[in-house]
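Per the UniProt record's numbering, the sequence shown starts with residue 1, numbered consecutively.
Since the hints were made in silico from the structure, they are not lab data. Errors might be hidden in some of the hints.
[Said to hold, decoys possible] Between beta-carbon pairs, the in silico distance windows are:
no., residue 1, residue 2, range
1, L23, A63, 16 to 26 Å
2, A69, G19, 27 to 37 Å
3, K76, T97, 14 to 24 Å
4, V32, H72, 28 to 38 Å
5, L116, L23, 26 to 36 Å
6, L88, D30, 24 to 34 Å
7, R110, R85, 27 to 37 Å
8, R85, K115, 12 to 22 Å
9, Q26, K67, 33 to 43 Å
10, L65, H99, 34 to 44 Å
11, A80, K60, 18 to 28 Å
12, L65, Y28, 13 to 23 Å
13, D30, M86, 40 to 50 Å
14, I87, V31, 36 to 46 Å
[Said to hold, decoys possible] Using 25 Å as the maximum straight-line C-alpha spacing, the simulated SDA-like pairs for lysine to any residue come out as follows:
no., residue 1, residue 2
15, K76, A63
16, K56, Q26
17, K68, H78
18, K76, T97
19, K60, V94
20, K67, A80
21, K76, D89
22, K67, K102
23, K67, R85
24, K76, L65
25, K102, L92
26, K102, F81
27, K68, P83
28, K60, P83
29, K67, M86
30, K60, R85
31, K33, Y55
32, K76, Y55
33, K102, D89
34, K111, T97
35, K60, A80
36, K115, A63
37, K68, G34
38, K56, D89
39, K102, G84
40, K67, N90
Here the structure is a predicted model, which means the values were calculated and not measured. Just so it is clear, CB atoms sit at the ideal spot from N, CA and C, and this is done for glycine as well.
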Amino acid sequence: MKLRLPYNLWLQLSLGPDGMPALFYQKYWDVVKGDVVSPTRVTEYRPISLFNVLYKIISKIMANLLKKALPHVISKFHSAFIPGRMILDNVLAVFETVHYLKRWGKVRRRKLMLKLDMAKAYD
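With the hints as constraints, model all of the structure from the sequences given.
Below you can see the structure in the form of structure tokens.
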């Protein structure tokens, strides 16, 4: 799989402990990409408070890779946190189901509706 540097980063952004701006990584990406993508020592990982351009580059690469993989993993029935889908679609579906059951119940007395817990929906 070919990894590409996200070239829409600001070029003089966030000098970090390594002192390198995004322009350096953009210009010498073919030389440094092995070290950036595959760190070999614990000291090459940084605490969250020290994230800089390097972190932003890796995050962007990972986000781009995930964008390609997620449509194959997430169900078409998942209705939140995906562009073009809204969690309120679930509320509308419940409203329509209740309305249907109320009308259908006038003809027949038996009704059944199942409510699933959405307690962690916004976590």
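Results for each hint:
no.: 1; hint: L23 / A63: 16 to 26 Å; verdict: 21 Å, holds
no.: 2; hint: A69 / G19: 27 to 37 Å; verdict: 34 Å, holds
no.: 3; hint: K76 / T97: 14 to 24 Å; verdict: 19 Å, holds
no.: 4; hint: V32 / H72: 28 to 38 Å; verdict: 31 Å, holds
no.: 5; hint: L116 / L23: 26 to 36 Å; verdict: 51 Å, violated
no.: 6; hint: L88 / D30: 24 to 34 Å; verdict: 46 Å, violated
no.: 7; hint: R110 / R85: 27 to 37 Å; verdict: 33 Å, holds
no.: 8; hint: R85 / K115: 12 to 22 Å; verdict: 21 Å, holds
no.: 9; hint: Q26 / K67: 33 to 43 Å; verdict: 21 Å, violated
no.: 10; hint: L65 / H99: 34 to 44 Å; verdict: 43 Å, holds
no.: 11; hint: A80 / K60: 18 to 28 Å; verdict: 24 Å, holds
no.: 12; hint: L65 / Y28: 13 to 23 Å; verdict: 22 Å, holds
no.: 13; hint: D30 / M86: 40 to 50 Å; verdict: 42 Å, holds
no.: 14; hint: I87 / V31: 36 to 46 Å; verdict: 45 Å, holds
no.: 15; hint: K76 / A63; verdict: 20 Å, holds
no.: 16; hint: K56 / Q26; verdict: 13 Å, holds
no.: 17; hint: K68 / H78; verdict: 17 Å, holds
no.: 18; hint: K76 / T97; verdict: 20 Å, holds
no.: 19; hint: K60 / V94; verdict: 37 Å, violated
no.: 20; hint: K67 / A80; verdict: 15 Å, holds
no.: 21; hint: K76 / D89; verdict: 13 Å, holds
no.: 22; hint: K67 / K102; verdict: 42 Å, violated
no.: 23; hint: K67 / R85; verdict: 15 Å, holds
no.: 24; hint: K76 / L65; verdict: 20 Å, holds
no.: 25; hint: K102 / L92; verdict: 15 Å, holds
no.: 26; hint: K102 / F81; verdict: 31 Å, violated
no.: 27; hint: K68 / P83; verdict: 14 Å, holds
no.: 28; hint: K60 / P83; verdict: 18 Å, holds
no.: 29; hint: K67 / M86; verdict: 18 Å, holds
no.: 30; hint: K60 / R85; verdict: 23 Å, holds
no.: 31; hint: K33 / Y55; verdict: 13 Å, holds
no.: 32; hint: K76 / Y55; verdict: 32 Å, violated
no.: 33; hint: K102 / D89; verdict: 20 Å, holds
no.: 34; hint: K111 / T97; verdict: 11 Å, holds
no.: 35; hint: K60 / A80; verdict: 22 Å, holds
no.: 36; hint: K115 / A63; verdict: 34 Å, violated
no.: 37; hint: K68 / G34; verdict: 22 Å, holds
no.: 38; hint: K56 / D89; verdict: 33 Å, violated
no.: 39; hint: K102 / G84; verdict: 30 Å, violated
no.: 40; hint: K67 / N90; verdict: 24 Å, holds
Checked against the numbered hints listed earlier, the structure breaks hints 5, 6, 9, 19, 22, 26, 32, 36, 38 and 39; every other hint is satisfied.
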